[in-house]
Each structure stands twice: as C-alpha cells, then as structure tokens.
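Here this note's numbering is used: the first residue of the sequence shown is 13, the next is one more, and so on.
Treat the hints as calculated values from the structure; they're not laboratory data. Here the structure is a predicted model, which is why all the values come from computation and not from measurement. Among the clues, some could well be false.
[Unchecked claim] Below, computed lysine-lysine pairings styled on DSS-like, alpha-carbon distance capped at 30 Å: (1) Lys131 with Lys184; (2) Lys176 with Lys131; (3) Lys189 with Lys131; (4) Lys176 with Lys189.
[Claimed, not checked] Simulated restraints on C-beta separations: (5) Ala17 with Val242: 12 to 22 Å; (6) Arg108 with Thr77: 20 to 30 Å; (7) Gly221 with Leu98: 41 to 51 Å.
By construction, the Cβ of each residue, glycine as well, lies at the ideal position given by its N, Cα and C atoms.
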Amino acid sequence: MALEALEHTLRPQWLTFDCYGTLIQWDEGLQAAVRKILSAKETHSVDPARLISIYDRHEHALEQTPPHRTFRSVTADALRLALDELGLQNNEDDARTLTGSISAMPPFPEVVGALRQLKEAGYRLCIVSNTDDDIIAGNVAQLGGLIDRVITAQQAGAYKPSRKLFDYAFDKLGVTKDEVVHICASPHLDHAAAREIGFRCMWIDRGTGRTALPGYTPDATLATLDQVPVLFNQFGW
C-alpha cells in the first residue's frame, strides 16, 4: 500500500506498538548489558557484537521451538548457548544481568512526547511485545502512564512472527485488523505477521541496518516516532 493509499483508509481506533527498538532503546541497552557480562569474565578477546549476533540466533530459534517458554527462560538458555559457542563460562548472574538490563532500558528521547501527542489526539495505545509481563513492566513504567494495554508473548503463548500473538491482541482489544495501525522497528518479526494477516503497519527505521522483508512494503516508513503524529495530522486523522 502506498502512503497515499494509507491516507484514505479508516482512522484507527487503536495504535499498537512493538516495544524494543521502537519505543525502547534495545540495541543500545543490549550492547551495554553484553559489555557488562563480558567485563565480569575479564575477557577482551570477544567482540560484544559477535556475542549479540550469536545470542540473537539462539533466541529466535528457541522462541519458535515448542513448547512455548517464558522469555526469561529463552533469554537464559540463548545466552548460555552463545557463551558456550564462544568457549566462555556461563553462570546464573549472566542471565540476571541481561533480563535486569532489559527491564531498565529507557525510551528513545522523542518517544514519550510522541505518545502523549497521539493519546491527546484520541488514540488508544497498546504494546505488543515478545517478552514477559514482569520484564516489560520496567520499560512501561518509563512511558509516562500513556500506554492503555500491554500484550505479551507470555499472555498469548506465542512469539512473533507467529500470527497467534497478533490474533490474540486483536481479540483482547476487541478490534478487527482494519481498526488498528501497528508501528514497529522489527521487519523480520512484525512485518512477517503484517504480510500474512494484512494489518496496516508503519516502520520506524532508525538506521540500524535492518531491511524490509522481500515482497513486503510497509504502509509508511519514518525515521522516528515523533513523525507519526505529524503524518496523522496530514491525513486529517
């Protein structure tokens, strides 16, 4: 759908958001956590970016491997497998450091102001995230009390890109896919679901090097979240 076509769709009742990377500084926070974990092991031979890449591979594989497990469990096992692969010793403090760091990750500078503008414009705001309720609570607490609903993989029993998480979200919000616009920064997760289900999806491309999925074009691509209320005002929404 071209941007001009998006303008002529119905104004959404709900805006749903991916959390990490869209609202919350995921890449920056993950890098800091991994540096802390490696520092405790007194090793300078492992590039933090390499550990993150291996961790990501294991995390995504575990999320899609039945039976469903909590994100806390997935994170601990993915980190253990990544450290094993690099020949580094793993201990329980590593997983606690990582999950604690995730909960403390702050929002991007423009996020709270943009959410406030959207809330004042009459939209209801929901986060749909691949995490556990207790982990994301620390992030939501930093969003100014502006989020109306938080729906997690823990609640749905499924991780993105499975459509089960989004079907669960739409059911809980009491809306159809045409009454929602989803806003995300994670093409390989959220865009895959949008392509399958057909809900409207806007991409916040923060220049991280992530690329759109083959055969899928987001309904709009913006650099930061504060461009969303500007665009919606242009639409007359």
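Hints, verified against the model:
For the suggested pair Lys131 and Lys184, the alpha carbons sit about 19 Å apart, so the restraint of at most 30 Å is met. Distance check on the hinted pair: Lys176 and Lys131 sit about 27 Å apart at the alpha-carbon level, within 30 Å; holds. Taking the CA atoms of Lys189 and Lys131, the gap is near 20 Å; set against the 30 Å cutoff, the hint holds. Only pairs whose Cα atoms come within 30 Å are accepted, and Lys176 paired with Lys189 is accepted, the gap being roughly 13 Å.
In this structure the hint that Ala17 and Val242 lie 12 to 22 Å apart at CB holds, the actual value being about 19 Å. For Arg108 paired with Thr77, a C-beta distance near 23 Å keeps the hint of 20 to 30 Å intact. Against the hinted window of 41 to 51 Å, the Cβ-Cβ separation of Gly221 and Leu98 comes to about 22 Å, which falls outside the hint.
In terms of the numbered hints stated before, the structure departs from hint 7 and from no other.
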